[in-house]
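There are 2 protein chains.
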Amino acid sequence: MGAPLDTAFLDALASGEPTPGGGGAAALMGAMGAALLSMVCHLTLGKKGYEAAEHEMRELLDEAETLRTALQAMVADDAAAFDRLMSAYRLPKASDEEKAYRGAAIQNGLKAATLAPLECARAAAGVIRLSARAVEHGNTHVISDVGVGVLAGWAALRSAALNVQINVPQLKDRTFADHALTEIAALLDECGRLTESVHARVTAKLG
Amino acid sequence: MGAPLDTAFLDALASGEPTPGGGGAAALMGAMGAALLSMVCHLTLGKKGYEAAEHEMRELLDEAETLRTALQAMVADDAAAFDRLMSAYRLPKASDEEKAYRGAAIQNGLKAATLAPLECARAAAGVIRLSARAVEHGNTHVISDVGVGVLAGWAALRSAALNVQINVPQLKDRTFADHALTEIAALLDECGRLTESVHARVTAKLG
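These protein sequence lines map, in sequence, to chains A and B. If you're matching positions, the first sequence starts at 1 in my numbering and goes up one per residue. If you're matching positions, the second sequence starts at 1 in my numbering and goes up one per residue.
Among the hints, a few may not be true.
As the list makes no split between identical chains, a pair holds if one copy fits it or if it spans any two.
[Said to hold, decoys possible] In silico SDA-like pairs for lysine to any residue, Cα to Cα no more than 20 Å straight-line: (1) K48 to D77; (2) K205 to L171; (3) K205 to Q165; (4) K111 to T182; (5) K99 to H137; (6) K47 to M86; (7) K48 to P18.
Rather than coming from a laboratory, the hints here were simulated on the basis of the structure.
Construct the complete structure from the given sequences, taking the supplied hints into account.
Here you go:
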């Protein structure tokens, strides 16, 4: 049955502390998607009838584990970026000099708090793209796990997108803001279609 | 920053052991959705401008925590049901008597392994329904967390549905099988629309 679930993270998520919050949850869902793809690779490698997929599965496993490690680290990165932004908002604003310093710190904090979910969205898109390969070559006995993997990746990507969108309106650097929104829109468009196509392939293989 | 992420569960998910797998991941995503709604309640209660939502938020918090506790327990329940089913498949099948005993054990195991994700799907639907109330009454500063909550609940529900669908074809009790599929289809239909409507409300409030 593997390791029992440690609920400390869920307790922290449910608490009145703002971190970990939705950004960390997005990264964790992405990591879960990557983990499920790794499991599918492990349960395909060395199995009779899947000899031809051996090389592809080894490559997939490497890429899934790289994405998982990155996404796991993003749980803490997201909280750190949020906490830094909150500290900037709490800076003194009595004098003009203080106001200018605080304003610049908030803008820097907003950029970091936008880049964190953007990076999460890119990694979640990576999980979704891997799932499209896993559904073709993975062990059909665990094909539903590819399905759960792609759904976790898609929830992570859409969640990360919300965390980009919440920061963008306050950004003064509109070039940066527009680039972030354009990239998110492209990822959502590509991966929305890819997710539904992988999901449909999984469902067809289940029937 | 709250509790650091314990990666033991993710390591177990990624390993070559079939449990925890997609069923456990579904329950965990549902629990994350419930946890985020609890956080939104905590960050709304006692806040200026949200006095009128006090009673609703207390009720919502209670219901979210009940669902979270149930979904957290389902992570282990799902693995137990799967492991029991695998044990049934490993029973001896030399004599006719053994074959009959094994066949009955497999059918019982399949029913339990269908009921586990069905229960997860019901709880995930509960998270989605709560998010529809949270988006109307929750603190708008953390409205993106309601969005992540509903997306986590929706990923949990669709994932649980795949885990129902993978077992149903082998069930000999077709009345039971049809009831399970009908219930899942109804939950997917209701909650698919509800999720997109909550997501749209969140996005509108972000802009």
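**Report entry** Numbers of the earlier hints that this structure fails to satisfy, in rising order
**Finding:** Hints 1, 5 contradicted; others consistent.
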